[in-house]
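Q: Assemble the complex: chain E is given as a structure, and chain S must be docked to it using the hints.
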Amino acid sequence: GAVVSQHPSRVICKSGTSVKIECRSLDFQATTMFWYRQFPKQSLMLMATSNEGSKATYEQGVEKDKFLINHASLTLSTLTVTSAHPEDSSFYICSALTGGGYGYTFGSGTRLTVV
Amino acid sequence: ILNVEQSPQSLHVQEGDSTNFTCSFPSSNFYALHWYRWETAKSPEALFVMTLNGDEKKKGRISATLNTKEGYSYLYIKGSQPEDSATYLCAAAGGTSYGKLTFGQGTILTVHP
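Those sequence lines, one after another, are chains E and S. Just so it is clear: in the first sequence, position 48 is 48 by the working numbering, and no numbers are missing. Just so it is clear: in the second sequence, position 61 is 61 by the working numbering, and no numbers are missing.
Just chain E, same shape as in the assembly:
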């Protein structure tokens, strides 16, 4: 079946630095990738939707200059958290549209801690 590889699984960074999270589709072409984050005891919340070769669409309240999304190829999408602050500490997870209008395949997530 379809697999999305996400890394790193965990990252600790200093406040003010940038962190890049990668999601790769291993055996299919991911035209559309969704990025979610999850704060403790809350549900997965959609941050943005990216389509290969075009600019990402951000959800209301998500700063596009802070969360840079690049989807330059059909197998790779990246999320860069720029100038990270402790309040950006969260669980980030990607999901690719697998096909047929119904299937979504998830990465395994990244736990970001900003100290």
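Hints listed in this document are in silico derivations from the structure and should not be mistaken for laboratory results. Note that the Cβ used here is the ideal one computed from N, Cα and C, for glycine as well. Hints should not be assumed to be uniformly reliable.
[What the hints assert, rightly or not] From the structure, some residues in chain S lie toward chain E, with a derived Cβ separation under 7 angstroms:
#, residue
1, Arg37
2, Thr40
3, Lys42
4, Pro44
5, Gly71
6, Tyr72
7, Gln105
A: Chain S alone, transformed into the frame defined by chain E:
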């Protein structure tokens, strides 16, 4: 934005028990309802996608039903096993077939041997 709610938040059962949990969602502008099984440190695993009122899906000991008129879905696990322990997520999609998923908070199931 859809409001998706799951209950209970957590559930402890004994091995062999059957159990069920609920996902409720707005019935208007509904397209699809997804169920996922999510084990710690792994990717959420797709269980079911349902779109039509009255849909029933089954996968081994796990089954799900959908009522789009009243806005709820049930997930059933028959004869729970310790390996069924996981977080079960539901997500609703509205609008187009490539619509965004709105997730509930999940139900954490623990099956005790």
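Q: Honestly, which of those hints from before does the structure not fit?
A: Violated hints (numbers, rising): 1, 2, 5, 6; every other hint is consistent with the structure.
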